[in-house]
Amino acid sequence: MAGIARVYAMALELIRHTDGRLDRHQLVRFMVAYQTVAPLTIGELWAWPSMLKLALLESLRRLADETLQGRNARLAADGYLTQIGGAEDTAPLALPEVLETAYVVRLLQRMREYGPLVSPVRAAVEERLAAQGMTAEDSIRTEHQSQAAGQVSVANAITSLRLCSTLDWTLYFENVSLIEQVLQRDPAGVYGSMDFLSRDRYRQAVEELAEATGEAQLRVALRSVESARQAAELKSADDRAAHVGYHLIGKGRRDLETDVAYGPRLTVRARRFIFAHATSFYLGSIGLVAAALLALAVAYVQAKGGAVWVQAWIAALLLLPASEFAIALVQRLAAHLAAPWRLPRLDFQKGVPEDARTMVVVPTLLTSVAGVAELLEHVEVLALGNVDPRIHFAILGDFADAPTAELPADDEILDAARAGVLDLNARLGQGRTDRFHLFHRARQWNPGEGSWIGWERKRGKLEEFNRLLRGAKDTSFRVHVGDPKVLPSVRYCITLDNDTRLPLHAARKLIGIIAHPLNRPSFDP
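Going by the working numbering, the first residue of the sequence shown is number 1, and it counts up by one from there.
Careful: at least some of the hints might be erroneous.
Stated by the list, open to error - Heads up, simulated EDC-like pairs for lysine to aspartate or glutamate below, C-alpha to C-alpha not over 16 Å straight-line:
#1 Lys-458 to Asp-388
#2 Lys-485 to Asp-497
#3 Lys-53 to Glu-97
#4 Lys-485 to Glu-354
#5 Lys-350 to Asp-388
#6 Lys-350 to Asp-499
#7 Lys-485 to Asp-401
#8 Lys-53 to Asp-195
#9 Lys-509 to Asp-19
#10 Lys-251 to Asp-239
#11 Lys-458 to Asp-497
#12 Lys-458 to Asp-411
#13 Lys-53 to Glu-113
#14 Lys-509 to Asp-410
#15 Lys-509 to Asp-401
#16 Lys-53 to Glu-100
Don't read these hints as lab results, they were simulated from the structure.
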């Protein structure tokens, strides 16, 4: 079908051969079979649901036209008989040149009402039918079959439209996409473990690097997997270069572009150049805007006959506001032109794996029993929104600064914190005592502050906790509530302030980001 999209032509043919009766398995088989002959592009596959709905609507339109045409034919037959019944002349009226089946059936049904008056008409109709090799009974049977088939076709189309509205097209896409099947061969075994949006970003990278044909996109996907395989053989499967994403969106993209003979558009090259010299462009743009504003102001004063010293005074006076305006303008443009991009992540919706065990820590000061109660409530809310056997929660506590190492209220505050953590483990620990922890440090004398404080305050708590996870025994933590056996297996930490929220399942998403090979920190010896 020339002049229409390929996937729309496919949808029309599928509906024509199935009478609009579709199901999920049939759609998958049809698409897989078609792509054995001609691979479809990613864009065509995403357009397929819309084209399918459009083709179903077109089928309904055609059926509606046929129904309307039949109705008009029946009305015409009624009008013909009405003219005969009201005519004074007994000569029969001429029949239409083309007798539609609906017209004939309506005549045959209504002529019984007119008796002998329409006998010549009946004879003429039967004569015309005989010339076509049909009888009156054949016409009636054909019309009834046509109406029944039309009703079935309409029902099929409406049912299929409902199917299109309820089908998970993202899952369908990944089941039938040849590019998806190639990328699933990722030597690092990571691609299939990512969430949908991350996989989709990789597929978009394939679209960017390939021409707008299914074969070209397939070649790019195969080349990216081959590059990852070669890196895995040279280094290891754990190296980030062994992951297909390293070549599609990471540092290996330039090499892949060379391999597939990709020529970036001028806008892409300009964008890359700007980002490669971001600081120079940022500061230079601010300087140019500020200079232009000052030049306009000085030119205005000069045009009004202002002396040189007045011009200099005006320029100095406007330097700060012009700079502030320039900074605001450039930052607004930068935010618009350089939109944030989504980091790839692993999909941990079904649970955090053992090798990604995480501790959510809240470094804080324990200053009062009431403050401890609020803190425990905050930690409980965090835990209820992020339930996972491998996500743990810890309070890293210090007492407030004091002139002495200990204060009379310290024991009461610490007892409240200890009892609260034990209660959380009893209620929300799922039978374990390692979900909630309390780590509390003793005060140390700080000569610079002239006071007893927690060593290095918040930064010190985090540093010492990191050492504690690595097995250190010489930290200043003096109190620990919770099962310590879990500590050696903790790999990641999420640090939150007292007033920082952790939305529903946000911890899993953050862990999925840091656990992705392209985001993992690398050690530089």
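Now for the hints, and whether the structure bears them out:
1. Lys-458 to Asp-388: violated, 27 Å
2. Lys-485 to Asp-497: Answer violated: Lys-485 to Asp-497 is near 26 Å, above 16 Å.
3. Lys-53 to Glu-97: Given pair Lys-53, Glu-97 is violated - Cα atoms ~38 Å apart, limit 16 Å.
4. Lys-485 to Glu-354: holds, 14 Å
5. Lys-350 to Asp-388: holds, 9 Å
6. Lys-350 to Asp-499: Violated, at about 28 Å.
7. Lys-485 to Asp-401: Not satisfied, since the Cα-Cα distance of roughly 31 Å exceeds 16 Å.
8. Lys-53 to Asp-195: The hint is violated at about 27 Å.
9. Lys-509 to Asp-19: violated, 45 Å
10. Lys-251 to Asp-239: With a Cα-Cα distance of about 13 Å, the restraint between Lys-251 and Asp-239 holds, given a limit of 16 Å.
11. Lys-458 to Asp-497: holds, 10 Å
12. Lys-458 to Asp-411: Measuring from Cα to Cα gives roughly 21 Å; hence the hint is violated.
13. Lys-53 to Glu-113: Violated. Lys-53 to Glu-113 sits at ~45 Å, over the 16 Å cutoff.
14. Lys-509 to Asp-410: The given pair, whose Cα atoms are some 38 Å apart, is violated under the 16 Å limit.
15. Lys-509 to Asp-401: violated, 36 Å
16. Lys-53 to Glu-100: This hinted pair is violated, its Cα atoms lying about 31 Å apart.
In this structure, the earlier hints numbered 1, 2, 3, 6, 7, 8, 9, 12, 13, 14, 15, 16 are contradicted, and the remaining ones agree with it.
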